[in-house]
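Here are the chains, one letter per residue:
There are 2 protein chains.
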Amino acid sequence: MGHTFPGAAAPFGMVQLSPETNQQEMFVDGQYNRDTYKYCSGYQYSDNTIFGFSHTHFSGTGHSDLGDFLIMPTTGVLNLEPGVADETASGYHSTFSHKNEYAEPGYYSVLLNESKIKAELTASERVGFHSYTFSKSDTAHIILDLMSNIYNYDDKNVWTFVRVENDSLVTGYRQTSGWARTRTVYFAMQFSKAFSKYGHKKYDKVDYNGFYRRFNETENFPEMAGKNIRAYFDFDVEENEKVKIKFALSSVSTEGALKNLDAEIPHWDFNKVKKQTQEKWNRELSKIEIVSQSPEDKVIFYTALYHTMLSPIIYEDVDGNYRGLDQNIHQSDGFINYTIFSLWDTFRALHPLFNLIQPGRNVDMIKSMLAHHDQSVHNMLPIWSHYSNENWCMIGYHSVSVIADAIAKGNTNFDINHALDACKNTSTNIYFDGLDYYMCIDFIPEDVSSNSVSKTLEFSYDDWCISRIANGAKKYDVLTEYEKRSQNFVNLFNESSGFMQPKLSTGSWKPNFDPLNTHGQGFIEGNAWTYSLFVPHEIDKMIEMMGGKNQFSERLDSLFTMQLDDKYIAHNEDITRDGIIGNYVHGNEPGHHIPYLYNWTGHDWKTQERVRMIMETMYGNKADGLCGNDDAGQMSAWYVFSALGFYPVCPGSGKYAIGSPLVKNATVNLENGKSFQIKTKNQSQENVYISKIILNGKELKRNYILHSEIVRGGEIIFNMTNKPI
Amino acid sequence: MGHTFPGAAAPFGMVQLSPETNQQEMFVDGQYNRDTYKYCSGYQYSDNTIFGFSHTHFSGTGHSDLGDFLIMPTTGVLNLEPGVADETASGYHSTFSHKNEYAEPGYYSVLLNESKIKAELTASERVGFHSYTFSKSDTAHIILDLMSNIYNYDDKNVWTFVRVENDSLVTGYRQTSGWARTRTVYFAMQFSKAFSKYGHKKYDKVDYNGFYRRFNETENFPEMAGKNIRAYFDFDVEENEKVKIKFALSSVSTEGALKNLDAEIPHWDFNKVKKQTQEKWNRELSKIEIVSQSPEDKVIFYTALYHTMLSPIIYEDVDGNYRGLDQNIHQSDGFINYTIFSLWDTFRALHPLFNLIQPGRNVDMIKSMLAHHDQSVHNMLPIWSHYSNENWCMIGYHSVSVIADAIAKGNTNFDINHALDACKNTSTNIYFDGLDYYMCIDFIPEDVSSNSVSKTLEFSYDDWCISRIANGAKKYDVLTEYEKRSQNFVNLFNESSGFMQPKLSTGSWKPNFDPLNTHGQGFIEGNAWTYSLFVPHEIDKMIEMMGGKNQFSERLDSLFTMQLDDKYIAHNEDITRDGIIGNYVHGNEPGHHIPYLYNWTGHDWKTQERVRMIMETMYGNKADGLCGNDDAGQMSAWYVFSALGFYPVCPGSGKYAIGSPLVKNATVNLENGKSFQIKTKNQSQENVYISKIILNGKELKRNYILHSEIVRGGEIIFNMTNKPI
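Residue numbers (UniProt numbering), protein chains in the order written: chain H, 1 to 725; chain S, 1 to 725.
Accuracy of the hints is not assured; some may be wrong.
[To be verified] Some chain H residues well away from chain S (every beta-carbon gap over 10 Å; in silico): (1) V164; (2) N669; (3) N696.
[Said to hold, decoys possible] Here are the simulated lysine to aspartate or glutamate pairs, EDC-like style, with alpha carbons at most 20 Å apart: (4) K259/H x D374/S; (5) K424/S x D436/H; (6) K205/H x E165/S; (7) K197/S x D436/H; (8) K202/S x D155/H; (9) K205/S x D155/H; (10) K205/H x D204/S; (11) K424/H x E165/S; (12) K197/H x D436/S.
[Stated by the list, open to error] Which chain S residues face chain H? A few, computed with CB under 7 Å, are given here: (13) P222; (14) E255; (15) N328; (16) D433; (17) Y437; (18) G472.
Derived from the structure by calculation, the hints contain no laboratory data. Glycine residues also receive a C-beta, built at the ideal position from the N, C-alpha and C atoms.
Only chain H is shown next, with the shape it has when bound in the complex:
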């Protein structure tokens, strides 16, 4: 359930060309019959069928969408039905075996068992490149299934428009209303070889085009339109002949897709594209060079690092045009526009990681967020946005954390005053998630807006971020205002229980409180045990409130060791046994900072022990190597930081809490041309504790390191030992 995909993508590329391993009949007896959650990224390793290769996939999300433009090569009698996975001849899908499947960054290949077609995929940023090696056949087909979707509810397809421009070029678009409510993706599809014949079948219930009666629209008629269309293109192929397809995407127009196609891949050399994309991956992945304790650790590390660079994705044409949130076409001015902002997840460690190894891209992402704000009819920064849509998923307004963290780290090549205005607008929207109450009575009542404790805590932290941005902008009245708001977390702390708890609008605590239950207790995707610890900007104060350092350290011990009853895990897609240690949930985000909190109790060794244990048990070099959704790279970013020995507990602070490095040595190659060396002494699987830290030749007498110390370049040496210090 990591929800990653094995297909081909360039770093941060708009195209994620990857197989769909199942596509059951959408409706059985009038009921929707597909496990949407399971197929968030289209691929499940346990499946043995492939239904085709589509061009857009989320990486690691817990909600689904995309899956655009499924292509499937077949031979024999044309069958436009996908069919049912269990029945081999029921449709165009094929069985496959993992032994015939191969994936590396920017490349994927598989042998389709029935047709013996070898499928190979690579991609540039905006263009997917398919190569299908056929056996000799005079009935070879390339199916373009425009009905196939991820999040495939009935009627997700809003409209489809296809033009067969000539005997080897097809353009068009598809408009969907799925998780993104109003979404259009344009394409240009270029074949390496002229098709001999083409056609389509329309599955619409109503067809208005009476005047098309004079044509046989279904065969060799070059304009297709409707809600539900499957097209095919026929070829004669020789033994081992490759039919190649370049498939470009655009959010703007088919004209834009054609520009992208011509600019990025103006030739038919599949291996050249593969090589170029892999060079890009090597450049990105070598931003951190490690020497690991074991070969397996190295694979896990670089797999994680790879997963941090699959989204946000570039979301503009080669000429800088993109579709904005207002559905108008905009031109990015001095930046590259990005989309897919899963911010409740990624503010924690992914964007901080970008500030370290992708500062240029992170600034562009911030500029993309500001453009989103400027185009937003709500005057808000993104909450969870993708493809010119705000889907409002999860809580908080964590764009502000991304901005604050960039400022704290000197990554400020954007208009800070503009950013501060956007943050203020976002945090004062009176119809968003109980903010009206929050601003009026300093907390959100549960009877007004559910998950009120989670919201109040996250707003408090976000408001602290805004105060930091105000500080950067030298707007001290705003700073004061938001520092005050940042203290709102105290209003939901119940001294008598020791937990953050939901209040009602009357001001009294909501009765029947269960601190282990994740449902109905004022929290979202977490319980009071976990969520009460989310005060990253006031950790000392939180610890004081909760009884002081010793009591807090014991509280963390309890969290990691208590037995959690099954009833608290059932009905939680995002919380499964795989990702749980006691009552700590590593498989989901709200607790990701918790293992590092021992650092504030004087028991740093417990953090060191715990993070090493989590790295060893919650990440693996297997199909189920993640203990929960990768969540657009957040789970992987946690690993990357932790493996290097430090973690951004409070994004916006410019500080990293020191954990325990898993690597032997590492070099962080910075964009400023400098490098930061991470070295260990006496590193081993048992030596998880740190006895001494030397930063640039001087002992570091604290348990955190500053971002500014890293980007100055230099080296840090961790002396490791097998005994807690």
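Given the coordinates of chain H, work out where chain S should sit on it, guided by the hints.
Using the frame of chain H, we list chain S on its own:
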């Protein structure tokens, strides 16, 4: 059934702001229940209800679409249901009385009985301007019904997107699949006064946006999207307070609509817009100044002239951007882009009229057709196109006639070689309407493509037009080729019956021929009696084939005087008793040239008598003043020419056949600054015959006049008499 509308429009404007007089429940017992044909233009004089005012209407078509963005002002309890016409309180509609209704070019007003709201409408080219005068109310509403449509089949709405930008500005778009299969219209709606509250109701069967659950989307939430939406905006109003709305359209984007709004109406002065638009109308209508025999004739003449300037419509934003046939955004380069080309109708007299009084616009229309061709995946000129779509209505490829006529008349400010290429591409498309057979065996077999005789005859004429264009381009091989094709009409003439008749692909005549039946006999919207006479480019040859001048003259007499059995009229929407004289159908197009054919038989007086009789009986100054659909201005253009005394029997020839002027005198004010005077002597209702014609002081000894003679300026004097000459 003229299918004109009484609302406000600027000459050739994109906005036609006009009332919808009925909008019954779309479905009764699961069955579609609206008379689409009857409501082609949204308005029927016999109705006494108004459902609102929408912004787009065809003028005079026999098929329907459009009806975008219906606005209705109401007071009292909000009711978003349109309701049923017969039940007063069943919905937001209102009764009205014709005595409280007033219409003139560019202005329409009506009193809504129930609410006592006075509605006034005017329009610039791209912006509709509403003014609603209320009685005092604290429950005044402006309803924006985005579900209301003309051609209102279930599911015509594909998608709707609305943003409430601030308390008085709303933007959005609606995408429909009606007659135009893939159509989007964008809008910007500016209120003169801030609304106090707004909201919408969504009528979709499925709503995907689970994540919107945290909002009450239905009230004061500024983004609305779905297939079926009705929005409302609430106001408090004082007695006699006017709430005004400027409503701009664009085919490009909401940004484009806003540009149009700001450029065309940057103020709130309703009367100023009305005045400016009426000045434009006066400028256009005074291109022909007449002195009529009776005041009523004058009204009829200028009503007809008005109807010739409602379409084609300007179809680009003020900055020249427009959505092309390929759905990409294009910039018009050196021309204004037009749409709504009902060419099977309008090639006959409307475009020839444009060559006379709107030569500049006609060239832009030709450039628009060429752009259509360049954007067409079929490489074809428009057949019947509107709003970035080809709807393939009716037959022939009469764009070529429009081009040939412009060339013949020296109106050649376009690339003739490009035009010739476009004509060749259009006329050689092998999947269009039997053209493959036509090119191979010189006629279209009825068993291959129905209406084969009509198609063969019209293709023959069109091919003659292409030969004329080739002549203009000095491409003499093409000229020869198409002159040969232009003779194909002979292949379907059956000497034994004297009629054009359908052949089968075997080469034999299709059996059971009925020359009076309009169905199944090889013709479309006409029978063999009428359609056999469609050889406008080879009239002498046709007459020879049909037995010579005398026999042909008698044949025409029979046509005009025979009794047509009711069975031949039933089931013909476009052919009704109102428009029939004997077996001649003036209410539909295929015969419009026929009254003038006597001129080729030596019996010119019969033409003179007949056209005067048609003008007197088939046109009137009443709600039912047209004898059939105005057909985008063709019916009216016939009248305008005929009233002046001449008619373009063969567009592309540069000649006008002389009929009998109805006017006393007329001045045609030409764009070249010259004017052409039409004068009569002894003109009266009885004196329908011409005894002598003096052109610029010299007797004209022929029964036609050349376009070149008119545009040189000067005067023609018709001496009238009551006796046939």
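Hint by hint, here is what the structure shows:
Under the 10 Å C-beta cut-off, the non-interface status given to V164/H relative to chain S is violated; the minimum distance is some 7 Å. Distance check on N669/H: its Cβ is at least 39 Å (rounded) from any Cβ of chain S, clearing the 10 Å threshold; non-interface status holds. For N696/H, the requirement that its beta carbon stay farther than 10 Å from each beta carbon of chain S is met, with the minimum near 48 Å. The straight-line distance between the Cα atoms of K259/H and D374/S is roughly 18 Å, inside the 20 Å bound, and the hint therefore holds.
Our distance criterion of 20 Å between C-alpha atoms is broken by K424/S and D436/H, whose separation comes to about 67 Å. Using a Cα cut-off of 20 Å, the hinted pair K205/H and E165/S is violated, with the two alpha carbons roughly 36 Å apart. At most 20 Å may separate the alpha-carbon atoms for a hinted pair to count; K197/S and D436/H meet this at roughly 18 Å. Taking the CA atoms of K202/S and D155/H, the gap is near 16 Å; set against the 20 Å cutoff, the hint holds.
Using a Cα cut-off of 20 Å, the hinted pair K205/S and D155/H holds, with the two alpha carbons roughly 10 Å apart. The suggested pairing of K205/H with D204/S holds, with an alpha-carbon distance near 16 Å, which does not exceed 20 Å. Between K424/H and E165/S, the direct Cα distance comes to roughly 19 Å. Compliance with the 20 Å bound is thereby established for this hinted pair. Between K197/H and D436/S the CA atoms are separated by roughly 18 Å; this keeps the pair inside 20 Å, and the hint holds.
With 7 Å as the threshold, the beta carbon of P222/S comes within range of chain H, its nearest partner Cβ sitting at about 4 Å, so the hint holds. Proximity of E255/S to chain H holds as hinted, the smallest CB-CB distance being about 4 Å (cut-off 7 Å). Given the 7 Å rule on beta carbons, the hint for N328/S holds: about 4 Å separates it from the nearest Cβ of chain H. With a least beta-carbon distance of about 6 Å to chain H, the hint placing D433/S at the interface is held under the 7 Å criterion.
Interface hint at Y437/S: violated, since its Cβ lies 13 Å from the closest Cβ of chain H, which is beyond the 7 Å cut-off. A cut of 7 Å between beta carbons decides the hint on G472/S: the least distance to chain H is about 30 Å, and the hint is violated.
Comparing the model with each numbered hint stated earlier shows that hints 1, 5, 6, 17 and 18 do not hold.
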